[in-house]
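Participant: What follows is each chain in one-letter form.
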Amino acid sequence: MKNKTSLLLMELLIMLLVFALSVAICLQVFAKAREISASAADLDSAVILAQNAAEVLKATSGDIEAAQALVESPYRLVLTELPTSAPGLQQMRIQVYLEDKNLFSLDTGWQEAEKL
Amino acid sequence: MKKQNTYHSPAIGSSSLLVIFGVLCLTVLAMLSLRTTLTEKQMAQVSAQSVSAWYQADLEAQKIYTRVQNGETVPEVVLAEDTYRYCVSISQTQTLEVAVKNEDGHWVVLRWQTVAHPEEPNDTLPVWQGTA
Chain A
1 MKNKTSLLLM
11 ELLIMLLVFA
21 LSVAICLQVF
31 AKAREISASA
41 ADLDSAVILA
51 QNAAEVLKAT
61 SGDIEAAQAL
71 VESPYRLVLT
81 ELPTSAPGLQ
91 QMRIQVYLED
101 KNLFSLDTGW
111 QEAEKL
Chain B
1 MKKQNTYHSP
11 AIGSSSLLVI
21 FGVLCLTVLA
31 MLSLRTTLTE
41 KQMAQVSAQS
51 VSAWYQADLE
61 AQKIYTRVQN
71 GETVPEVVLA
81 EDTYRYCVSI
91 SQTQTLEVAV
101 KNEDGHWVVL
111 RWQTVAHPEE
121 PNDTLPVWQG
131 TA
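Those protein sequences? They're chains A and B, same order as listed. For reference, each letter of the first sequence is one residue, going 1 to 116 in the working numbering. For reference, each letter of the second sequence is one residue, going 1 to 132 in the working numbering.
Take these hints with a grain of salt, some might be off.
[Claimed, not checked] With a straight-line Cα cutoff of 30 Å, these simulated DSBU-like cross-link-like pairs (lysine-lysine) come out:
{"#": "1", "chain 1": "A", "residue 1": "K32", "chain 2": "B", "residue 2": "K63"}
{"#": "2", "chain 1": "A", "residue 1": "K58", "chain 2": "B", "residue 2": "K63"}
{"#": "3", "chain 1": "A", "residue 1": "K101", "chain 2": "B", "residue 2": "K41"}
{"#": "4", "chain 1": "B", "residue 1": "K101", "chain 2": "A", "residue 2": "K101"}
{"#": "5", "chain 1": "A", "residue 1": "K58", "chain 2": "A", "residue 2": "K4"}
{"#": "6", "chain 1": "A", "residue 1": "K58", "chain 2": "A", "residue 2": "K101"}
Think of the hints as simulated: they come from the structure by calculation, not from any bench.
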């Protein structure tokens, strides 16, 4: 009887250790999954922001203030004018930043207002 | 008669079974959630790539349009019935088709459309013809 009890206690102890180890590993996996999900959501938001900014720039023939007004914290929009390859065409690089990380960038262009 | 108090200890191995079941459930849940988020990340990257490709093609089309407006002869542009037509590739299955016209000195965009060209299914079956 005493042997059976001690065997049972030993088994319980080992099972408790195994369970604690597996919980620790699974929690790390959950944390990693949450991190990946957050970065995917950030990328989606950055793509939408950049697209909106590109369409505003094209519609207003380069109104940078109107494009910047679309930005929501914590994202940051960086607009860089690119050298034009053809007279009458304006080009701009739109970059979306979160803290110091560049999430997404795209180049867009539009006709100068006088040409329309 | 004296009543004998018998003590029945829990069966050895029952806690092991419970813990194994719990660990299995936790592991499956963790793997499924990781798989789901990896798929989400992949979808976000494909979407970003698709948007980037479209705007790249759009910029290229704008450049060609500007060159046509400036009177340059562009090899990709076809002139038919006073209408300039050209295509810019977006991806393997999509192209941006453009048609512009000069009406009395005023340029009009007749078409600026993304057209999908789905890949043709490969319905050929390589069969041995009997020759060496």
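Participant: A separate judgement is required for each hint: does it hold in the structure or not?
Facilitator: Going down the list of hints, with the structure as the test:
1. A hinted pair counts as satisfied when its Cα atoms are at most 30 Å apart, and A/K32 with B/K63 does not qualify at roughly 44 Å.
2. A threshold of 30 Å between alpha carbons decides the hint, and for A/K58 with B/K63 the separation of about 14 Å falls inside it, so the pair holds.
3. Proximity of A/K101 to B/K41 is assessed by CA-CA distance (about 17 Å); at most 30 Å being required, the pair is judged to hold.
4. Between B/K101 and A/K101 the CA atoms are separated by roughly 43 Å; this puts the pair beyond 30 Å, and the hint is violated.
5. With a CA separation close to 80 Å, the supplied pair A/K58 and A/K4 exceeds the 30 Å bound.
6. At most 30 Å may separate the alpha-carbon atoms for a hinted pair to count; A/K58 and A/K101 meet this at roughly 26 Å.
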